[in-house]
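Participant: Residue strings, one per chain:
There are 2 protein chains.
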Amino acid sequence: MINKLCIVGLGLIGGSVGLAARKKHLARAVVGLVRRRESIAEARRRGVADRATMDAEEAVGGSEMVIIATPLGVMERIATTIRPFLSEGCIVTDVGSSKRCVVGPMEKIFHPRAHFVGVHPIAGSEQSGMRAAREDLFEGTPCILTPTRKTDRNALKRVRDLWKNLGSSVSLMSPDDHDRIVAAISHLPHLLAVALVNCLARMPGDVRKILSCAGTGFKDSTRIAASPAGMWVDICLANRDEILRALKTHQSELASVVKALKRGDAARLKDILIRARKLRKRMM
Amino acid sequence: MINKLCIVGLGLIGGSVGLAARKKHLARAVVGLVRRRESIAEARRRGVADRATMDAEEAVGGSEMVIIATPLGVMERIATTIRPFLSEGCIVTDVGSSKRCVVGPMEKIFHPRAHFVGVHPIAGSEQSGMRAAREDLFEGTPCILTPTRKTDRNALKRVRDLWKNLGSSVSLMSPDDHDRIVAAISHLPHLLAVALVNCLARMPGDVRKILSCAGTGFKDSTRIAASPAGMWVDICLANRDEILRALKTHQSELASVVKALKRGDAARLKDILIRARKLRKRMM
Numbered sequence: 001m002i003n004k005l006c007i008v009g010l011g012l013i014g015g016s017v018g019l020a021a022r023k024k025h026l027a028r029a030v031v032g033l034v035r036r037r038e039s040i041a042e043a044r045r046r047g048v049a050d051r052a053t054m055d056a057e058e059a060v061g062g063s064e065m066v067i068i069a070t071p072l073g074v075m076e077r078i079a080t081t082i083r084p085f086l087s088e089g090c091i092v093t094d095v096g097s098s099k100r101c102v103v104g105p106m107e108k109i110f111h112p113r114a115h116f117v118g119v120h121p122i123a124g125s126e127q128s129g130m131r132a133a134r135e136d137l138f139e140g141t142p143c144i145l146t147p148t149r150k151t152d153r154n155a156l157k158r159v160r161d162l163w164k165n166l167g168s169s170v171s172l173m174s175p176d177d178h179d180r181i182v183a184a185i186s187h188l189p190h191l192l193a194v195a196l197v198n199c200l201a202r203m204p205g206d207v208r209k210i211l212s213c214a215g216t217g218f219k220d221s222t223r224i225a226a227s228p229a230g231m232w233v234d235i236c237l238a239n240r241d242e243i244l245r246a247l248k249t250h251q252s253e254l255a256s257v258v259k260a261l262k263r264g265d266a267a268r269l270k271d272i273l274i275r276a277r278k279l280r281k282r283m284m
Numbered sequence: 001m002i003n004k005l006c007i008v009g010l011g012l013i014g015g016s017v018g019l020a021a022r023k024k025h026l027a028r029a030v031v032g033l034v035r036r037r038e039s040i041a042e043a044r045r046r047g048v049a050d051r052a053t054m055d056a057e058e059a060v061g062g063s064e065m066v067i068i069a070t071p072l073g074v075m076e077r078i079a080t081t082i083r084p085f086l087s088e089g090c091i092v093t094d095v096g097s098s099k100r101c102v103v104g105p106m107e108k109i110f111h112p113r114a115h116f117v118g119v120h121p122i123a124g125s126e127q128s129g130m131r132a133a134r135e136d137l138f139e140g141t142p143c144i145l146t147p148t149r150k151t152d153r154n155a156l157k158r159v160r161d162l163w164k165n166l167g168s169s170v171s172l173m174s175p176d177d178h179d180r181i182v183a184a185i186s187h188l189p190h191l192l193a194v195a196l197v198n199c200l201a202r203m204p205g206d207v208r209k210i211l212s213c214a215g216t217g218f219k220d221s222t223r224i225a226a227s228p229a230g231m232w233v234d235i236c237l238a239n240r241d242e243i244l245r246a247l248k249t250h251q252s253e254l255a256s257v258v259k260a261l262k263r264g265d266a267a268r269l270k271d272i273l274i275r276a277r278k279l280r281k282r283m284m
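Keeping their order, the protein sequence lines are chains A and B. Counting from 1, position 30 in the first sequence corresponds to residue 30 in the numbering used here; the numbering is continuous, with no gaps. Counting from 1, position 34 in the second sequence corresponds to residue 34 in the numbering used here; the numbering is continuous, with no gaps.
For reference, chain A alone in the conformation it holds in the complex (with noise of 0.2 Å):
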C-alpha cells in the first residue's frame, strides 16, 4: 500500500492509474497535479484521484510516489518544477513511450533526494485525456520497466508491484532495448498508419467514397492514426534514431515481397506470407 500517490497529469494514461489506484486500494490517497483549473473539478467528478490541485508543493510534498504522466515534451520542465517538494527517499517514476531520452536525465535531476524508475504501460488507445481513463486500461497489457545500474532496487520493486497490482504483465529491459524494441512495435507501425491513410487523400476520385469501402482490415490498421497528433510528435521526436533504424528493416522486408510480386514468385511470396502469419499467430 501506498501511503500517498501523486499523479501529474491526469490524462488518459494518469486517469487510469488513479481510477485503478483508487478502485484497488493500493493507495492510502491519490493525488493529482493537474495544468487546468477546470481539471479540478473534472478530477473529482471522475473520480480519477481523491483530490486534485493546481499547487505543486501540496500534490508532490509527502507523497510516497509521484507518477509523471505528461506528454515527453514537458517532462524535464515538470521534474525541475517538482524537485524541490519531494520527500526525501521518494519514489519518481513515469509512464513515457521513449525511455534513453527519459531516464537519463530523469536519474540527474532527482539524485541524490529522489529514486527515479523508468516505465512504460504498452496501453492506450487512439482517445485521449481524462474523459478516455479507463480503471481497465491496463488489465493484460503489457508494461515495461527500463532499470538502470544507479536505480534504487526497493524503488524498483515498489514499481513493479504497483504495475502488477494494474493488472500489467511486467518486463524488465534496458532503455536502449526499450527504444528499439518499441520503435519497432509502436512508433513505426504509427507512421506506417498515417501514411496509408494520407494516401487515401492523393487517390484521385470522391474521398468518401474511397473512406466508404474500407472494411475492418483498413481500419485496424489504420486505427492509431487517429491518436492525438502532438503527444506523437514529441513520442517520433524522441526515439528518432530507432525509428529510422526500424523504418530500414521494414523497407528491406517490404523490397523483397515487392521483388517477389514483380517477378510473380508466388512460391517465395507465399514463403514471406507464411513466415508473417506464424508470427502473428503466435500472438493470438
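Honestly, the hints are just simulated from the structure, not real lab data. Errors might be hidden in some of the hints.
Any copy will do: because identical chains look the same in the list, a pair fits if it lies in one copy or spans two.
The calculated DSSO-like cross-link candidates involving lysine-lysine, where the alpha carbons are at most 30 Å apart (straight line), are [what the hints assert, rightly or not]:
1) K248 / K278
2) K164 / K262
3) K23 / K219
4) K209 / K24
5) K209 / K164
6) K259 / K248
A quick note: this is a predicted structure, and the numbers were derived from the prediction, not measured.
Got chain A sorted already, so can you dock chain B onto it with the hints?
Facilitator: Only chain B this time, still in chain A's reference frame:
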C-alpha cells in the same frame, strides 16, 4: 426470393452467404458445390447450405443464381467446369478481391448463356474456412459491385438486392476503380503488415520477449498478417500493378514523414499527423 441459389465453395465467405441466405429466407434452396467429401456432412451440420454436393451438374443445374466463392486462382477452371450445366439466363457472380482480372474472363466464359456480375464483399477476417463462417459476417460491411457495359441490368439488380439483403452497404464502380481503391485500402495494408511482423524476427534478442511487448496497437495493425497465405498470394499477384502503384504513393507519403523526422521538424510532422488523424476520424 431466389429459386435455387448455388454457392461454389463453402469457405468463410461462401459459407457465410449460405448461413445468412438460409436464415433470412433469401432463397428457396441453397446448394453448395464442394471439393472434398468431408465438406458435404460439415455443410449440413453447420447449416451453411440445405445440401452440398461434389457434382457440378447437380449443384449448378436449375440454379437461378450461382456465386463462385473460391480463391481467385481457381476461378477460371471452375467457371469452365460449371458452364455446360448452367440454365439459360442464369446469373453468375463471384466474391473475388481483385476484379479486372476476373470480370473480363468471366464475361467471356459465360456469354451468352449466363449473365456475369462482379462482386467484392469487403468482409472476412484473418480466419478462413467453413468453421469461421458467420451469418452476420456482412452486416454493415462495404460490398463493391463492378458492372461493365456488358452487364445485364436485371442481373445487376438481382445481385445488388442479394447483397443489400445480406446486410452490406453496396456501391458500384468500374473494375479498374475497384482494383485501384482496394489496392490502397486492403492489399497494400496487408503487405505492410506482413513486413511489419517479419521485421520482428530480424531483431536481435528473444523474439518471444519482443512479441510480449506488443500492445493492442501492434496487434490491430498486424491482425491481417495472420490471414491464409495462399489466398493472399493469389490476390496480390492478381492485382500486382495497382499494388505496386499504391506502394509508390505510400513510399512517397512516408518519405515526407522521414524527412520531417530527420530534420526534427516538429511543425511539419504535426501537420502530417493531423491530416491523417482528421481523415481517419471520418471513418469512425
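Participant: Now tell me if each hint is right for this structure.
Facilitator: For each hint, the structure was consulted:
In this assembly of identical chains, K248 and K278 lie within 30 Å of each other by CA distance both inside one copy and across copies; the values are 23 Å within and 28 Å between. Taking CA atoms no more than 30 Å apart as the test, K164 paired with K262 passes in neither setting, with 49 Å inside one copy and 37 Å between copies. Proximity of K23 to K219 under the C-alpha cut-off of 30 Å is restricted to the inter-copy arrangement: shortest distance 28 Å between copies versus 33 Å within a copy. Proximity of K209 to K24 under the C-alpha cut-off of 30 Å is restricted to the inter-copy arrangement: shortest distance 28 Å between copies versus 47 Å within a copy.
Taking the shortest Cα distances, K209 and K164 sit within 30 Å of each other only across copies (17 Å), while inside one copy they are farther apart (46 Å). Both within a single protomer and between protomers do K259 and K248 lie at most 30 Å apart by alpha-carbon distance, with minima of 16 Å and 14 Å respectively.
Hint compliance for this structure: hint 2 is the single one not met.
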